[in-house]
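Trainee: Heads up: the sequence lines are chains A, B, C and D, in that order.
Just so we're aligned, residue 1 is where the first sequence starts under full-length UniProt numbering, counting upward by one.
Just so we're aligned, residue 1 is where the second sequence starts under full-length UniProt numbering, counting upward by one.
Just so we're aligned, residue 1 is where the third sequence starts under full-length UniProt numbering, counting upward by one.
Just so we're aligned, residue 1 is where the fourth sequence starts under full-length UniProt numbering, counting upward by one.
FYI, nobody ran anything at the bench for these hints, they're computed from the structure.
It should be emphasised that the depicted structure is a prediction, and the values quoted were computed from it without experimental measurement.
Every residue gets a Cβ at the ideal spot worked out from N, C-alpha and C, and that includes glycine.
Among these hints, one or two may not hold up.
Partner residues aside, some chain B positions facing chain C, computed with beta carbon under 10 angstroms [said to hold, decoys possible]:
hint, residue
1, Trp137
2, Asn222
3, Asp229
4, Ser232
Under the rule of at most 25 angstroms between Cα atoms (straight-line distance), these lysine-lysine pairs were calculated in the BS3-like manner [claimed, not checked]:
hint, chain 1, residue 1, chain 2, residue 2
5, A, Lys23, A, Lys101
6, B, Lys226, C, Lys233
7, B, Lys226, C, Lys58
4 protein chains.
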Amino acid sequence: MGEGIMRLGYVVTRVTDLEAARKHYVEVMGMEATDRTDSAIYLKGWDEYDHHSIVLKKADRPGLEKMGFKVHTYDDLAELEKRLIQYGASVTRFSKGENHKVGEGVRFRLPSGHVMELYVEMEYVGKALPQLNPPPWPEGLIGVGAPRIDHLLITAERPQETVDFLMKALNFYMSEMVVEKPDSDVPIAAWLFRSNTPHDIAIIPGKDEGLHHFAFWLDEFNDLRKAGDVFSKHDVPIDVGIERHGITRGQTIYYFDPSGNRNEVFTGGYIAYPDMPVVKWTVDQLARGIFYFNHRQEWIEGFTGVTT
Amino acid sequence: MGEGIMRLGYVVTRVTDLEAARKHYVEVMGMEATDRTDSAIYLKGWDEYDHHSIVLKKADRPGLEKMGFKVHTYDDLAELEKRLIQYGASVTRFSKGENHKVGEGVRFRLPSGHVMELYVEMEYVGKALPQLNPPPWPEGLIGVGAPRIDHLLITAERPQETVDFLMKALNFYMSEMVVEKPDSDVPIAAWLFRSNTPHDIAIIPGKDEGLHHFAFWLDEFNDLRKAGDVFSKHDVPIDVGIERHGITRGQTIYYFDPSGNRNEVFTGGYIAYPDMPVVKWTVDQLARGIFYFNHRQEWIEGFTGVTT
Amino acid sequence: MGEGIMRLGYVVTRVTDLEAARKHYVEVMGMEATDRTDSAIYLKGWDEYDHHSIVLKKADRPGLEKMGFKVHTYDDLAELEKRLIQYGASVTRFSKGENHKVGEGVRFRLPSGHVMELYVEMEYVGKALPQLNPPPWPEGLIGVGAPRIDHLLITAERPQETVDFLMKALNFYMSEMVVEKPDSDVPIAAWLFRSNTPHDIAIIPGKDEGLHHFAFWLDEFNDLRKAGDVFSKHDVPIDVGIERHGITRGQTIYYFDPSGNRNEVFTGGYIAYPDMPVVKWTVDQLARGIFYFNHRQEWIEGFTGVTT
Amino acid sequence: MGEGIMRLGYVVTRVTDLEAARKHYVEVMGMEATDRTDSAIYLKGWDEYDHHSIVLKKADRPGLEKMGFKVHTYDDLAELEKRLIQYGASVTRFSKGENHKVGEGVRFRLPSGHVMELYVEMEYVGKALPQLNPPPWPEGLIGVGAPRIDHLLITAERPQETVDFLMKALNFYMSEMVVEKPDSDVPIAAWLFRSNTPHDIAIIPGKDEGLHHFAFWLDEFNDLRKAGDVFSKHDVPIDVGIERHGITRGQTIYYFDPSGNRNEVFTGGYIAYPDMPVVKWTVDQLARGIFYFNHRQEWIEGFTGVTT
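The whole structure should be built from the sequences, with the hints applied where relevant.
Mentor: Next up, the structure:
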C-alpha cells in the first residue's frame, strides 16, 4: 500500500473565452501552457512536474467542470474505489488517455454534485528547474510566476454530507470547521487535507456543484504584494486583499479570471497532520476567520455571494 | 545656516476620550507615554529621541489641533520666520515652555487654516536603544511597536494655495501631484517633503483645517501584516488595507483611533531629493494612485469622505 | 490502515549542563518547558500540541540519544513493526510510560547505529493558541519563538545502508541525494521525507550514531534575521548563516546549543510528494548544494567536520 | 540658498577588464549602461534619473578614482567652495563637459587623498518608470536589479582628519563612530550623512586613497536573498553575508566585482537627522558592530584586510 491520495492534481475549469483565459493564466499568472486543443488549454506551474494542473475548457459559462486528485499507487486506487462503492458512490472507471495525458482512474460525484476523479499517472514534463544541481528558482518567470496550485473551495447545499464523504470514503482529514456553537460538531463549513497543508479542499454552504475559488500557492508574503501589483498592471479585478485568513492563518488575494472564475493567491498557513485537533470557528467570529484584518467590514458579507 | 526644516516633529491631535486614546496609542501602537497632564498625553515611538511626537489633547471632537516641524538651527528659524512674513503669513513667536518640553518657536496658519509651528529644541529623552553599542531593536515592544511618526495628510478647500505656501515660504519640495491632464501644472493634490522621504506632508482637496490622517512608519512590509493582526486582536477599525499606494509606492493600512482620527501605518517608498522630477497622476488614474491593488473597487470613492 | 509515519515527533539530545540547556531552549529558542525531572527537561514549540518534541538529557557529552517518529495508528505501528522484522531489524516493544508521557511503541537501531522509536500516542498539551477562534499567533513569544521542530540530519559510515533501511522498511521517500556522477544512483548522502517537507531526516557521511544537527522550523525568511539578532544578543555561537541551501532550497542559520549540539533554524523549501523525481547533486557542485551563497568559501569544508 | 550636498552622485571606479566589468554591472547588478567610450562605461540604476551613478574606468588596477556629490544649487556650490578654501583645501574648478554629461563643479582632495567632486547638474535621463501614472516597479529588471547606489566606505591613515573635513567644510553629519572607550570623542572610524540615511560616506582606518567598498541600495531584506542567489548563479565571489550590521542596523552582502573592487548590497537602517545623537561603538564590541550575527567568527578580522 502507498500513501493514498497525495494532492489536488488538476482543476478543470470552464472559461468563456479561451484566448483571454490563456493570456491570463500564461501572461499574468506565469503558468506554462503544455498543450492546446481547439477547446482546451493545459497548464502547469513552474514547480510542478506533471503535465498539467489546470485545464481551461471552452464553455458558455464559468465554473468547475471537475477536479482530479492524484493517488500514490494503483493498489491505493483499487482500495479507494472499493471504499467509494461501499460508501454508496456511483463510481466509473476511465481508461488511460480518456483524460488527455492522464492514466486510468475512477470518476464519481461528491454528494454536492461535483465531479471528482482519482488517478495515479500523468505524463511527466518536469519542473522548470533541472533535476541535476538545480538553482533555487528558474530564470524568466512571467508575471505572478505561480509555482503550483494549492487547493480549491467548493460550495454545497448540505456541506456536512460532502465533508463526511471526503473524510470517510477518501481519508481526508479536517483541519478547521465552522460551527454554530463552540460545543457543536456539525460542520457548517470545513477545511480538509490529505497533504500536510491546512487544506487541499474546503466546503462551504452554497449551491451544489458550485466553485468558490481555486488557489495558487505563493512562496511568501511579499509575493502577494508582487501579485497585487501584477494584477493591477493587467487590470485583473481584485475581489479582496491583501488579507490575512484567521482560518488556516494564510494570507491572500482573491481575484477573478477573465471568465469570472474566482481565484486566490495564497501563502502561509501551518503544517497539518492527521492527529491535529480540529480548530473551530463559531459563526459569530466567522468574519475574523475569513478576513482577519477587515472583519468589521460590511463587504465581507458579499464575499460568499459570488460563486461559479 | 543649517538644514532648515528637518522633519515632522509632532502632531497635536484632539481625542474625545483620553484614556481610550492612551490605551490605543500605548497598548496597540506601542508608543511610550513620556508625560501626562489632566488634558493631554505625550507620546514618542521607540526610535524617536525627542520627548514626544504625538500629543493627545482632550476635546469634544477629533481632528488636528496643530502640527510642529523641527528646524535645525535658530538661524534657520529666523530665516524661515522672515520668509513667512515676506510671504504674508501672520506669524507669532511662542516662548520656551509654552508648548510643554518644547523650546521657543513660531506659529502661523497655512492658507488652509491649519496651525503649524516651527521649533528648534525639544527635551531629549533618547531612543529605546542605548547610544553605546546598541542592538538593532529593543526588547519588549508592545503591539504594533511603531518606531516613529512619518507624515500627515491634510485637507484644504484650495490645495494649491497651501502647496505654494509650503514650497515657497518653507522650502518644501514636491514629489508627486494630481493633475487634471498630463500637461497641467496645477496641483489638485500634492505630496511634499523636506526629508528624503516621499512625503512629510500632503494636501488633498477637502474642508479647511481638516485632517485626513497622520501616519506611523513601519520598517518593512511584513510589519504591516503584524499591524493588521494586532489591530484585529484589539478590534481597531481598519479602513483600508493592506494596500499598495501608486503614489509614493508605499504600502499601507488605514485605520481609526478610538476618537475617529484616521491613522496609517506606512512602509516603503523611494528616496526623494530636491532635484527629483515630480511624478504626476491624472485624475482618471487616481484610484490606482491611491490604492494600486483595488483601484477598481467602488469603496475607494468613499476613502476621501471621512476626515476629522 | 492509517498514514504510517507522520512526522519527526521528538529528539532526545544529550546536554552537559541541564540548566544552561534549559535557559537556551526556553529563553533563546522560546520553547515551553512542559516537564522536568532531575536528569531531563521536556520541551515543545508554540505550534506543537504534543507534550514534547525535544528532551534534554543530562549527560557527560553532547549528541543524539534517540529520535522518535510519530505513527498515525496502531495498525500502522504493527505493520511497520512487521516490516522492520522482515527487513532484519532487531525490534523491541516498549510500553506506555517507559518514555515519559509517550504511549507504547517499538525501538530499533538504524544500520548507522542511531536509536529510533515509533509511537502512536503522546500526552496532548495543545498549541499556545486556543482551538476555538484562534488568533494567528500567540502573544508573549520569547526570543526566537520557534514554532516547532522540523528535521534532523545524522551521520553514518555507510549512508546508503541507512537510506535503504528508511526507504524500504519505513516508507521514507527521497527528495534529494548527492552522487559521484550524474548517472549514479548510489546516494553518498540523502534527504528523506514522510511529511510533505523536503526532509524529515537526512543522512550524510560521518561517524555512526553521529548527529550533525536537528532543526527548528521558522515561518519565513525574515524570522531568520530575528533569530540571528537573538543569537547575537545571547552570545549563541553561530556556525554559518544566514545562508541559502541549494539542497531543499531552504534558508538557514546553523548554531550551537550550550553543550555543543549543532542546531539549525530553517525556513522555505518546496512541497515534496512521494512521486517527486529525486534531485541529484554531484560532488563537484556540492558546496553550492550546501551553502548556495558562499559556495566558494573554504570554510564550507569545515562544516561537516563537527558532529556530536 | 538650497539644500547643500544632496547625495553621493557618482563613483568613478577603476576596472582592469572593461568588458568583464560591463557584464557584471549590467547583467548581474542590472544597471543600465547609458554611455560608453573606449575607456569608460557609464551606468545608472533603474530608480536613478541622472545620467550615471557609476563610471567604470579602464585601468591596470582596481580602486576608487574619484567620487562626486551632487549639490542642490549653484549658490550652494559657491558657498561650499568658499568654505573649502577657508578650511585650507586646494580647490579646482572644472567646467561643464570636463566630466562627461556633468556640469561645472569643484574638485579637491580629502585629507585622506581621495578625490572628491561637487557638481550641480548632470544630464537628465529619467528613471526606468514613467513620470506620469507610474507603476511601482519597472518590468524586465535583470539580475539583482539594483535601484540605485547608496554610499561608499573609504580608508584613511588618519580617519579623524577626513571626518573633521567632511563635517566642518561640507556639513556632513555623523550618525555613528568607533571609539576606544565609551567616553572618547575621537573617531577611529565614522559614518557620515547628508541625506536622511545613516551613511552617505564612511571612513575607516587603512591606507590613504583606499576604497573598502561602495554600496547599492536594495529595497528590502528579501532582495538580499535574491541578490545572493544571483551572485551564486553568476559565480560572483561573495565576501560576507547575508549579515546584519550592528552599525546602521542595515543588512548586507559584501562581494567583489570582476576587478576585485568590493561592493555591497545594503538595505535597512534608520532615518538619520542632523540632530540625532551619535551612536558610539567601542573597539571591544566592534565585531558586533560590523557583523552582528557572526561577531564571534575569526574571519571578521580579515574583513578590513582587503581594500582597493
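Trainee: It remains to establish, for every hint, whether it holds in the given structure.
Mentor: Hints, one by one, checked against the model:
1. Because the beta carbon of Trp137 (chain B) sits about 7 angstroms from the nearest beta carbon in chain C, less than 10 angstroms, this interface hint is met.
2. For Asn222 (chain B), the interface hint holds, since its Cβ comes within 10 angstroms of a Cβ in chain C; the closest pair sits about 5 angstroms apart.
3. Hint status for Asp229 (chain B): holds, given a least beta-carbon distance of 6 angstroms to chain C, under 10 angstroms.
4. For Ser232 (chain B), the interface hint holds, the least distance from its beta-carbon to any beta-carbon of chain C being 8 angstroms, beneath 10 angstroms.
5. For the proposed pair Lys23 (chain A) and Lys101 (chain A), the alpha carbon gap of about 23 angstroms is at most 25 angstroms, so the pair holds.
6. Taken as a hint, the Lys226 (chain B) and Lys233 (chain C) pair is honoured in the structure, with Cα atoms around 23 angstroms apart against an allowance of 25 angstroms.
7. In summary, the hint linking Lys226 (chain B) to Lys58 (chain C) is not supported, as the alpha carbons are separated by about 39 angstroms, beyond the 25 angstroms threshold.
This entry does not satisfy hint 7, going by the numbered hints stated previously; all others are met.
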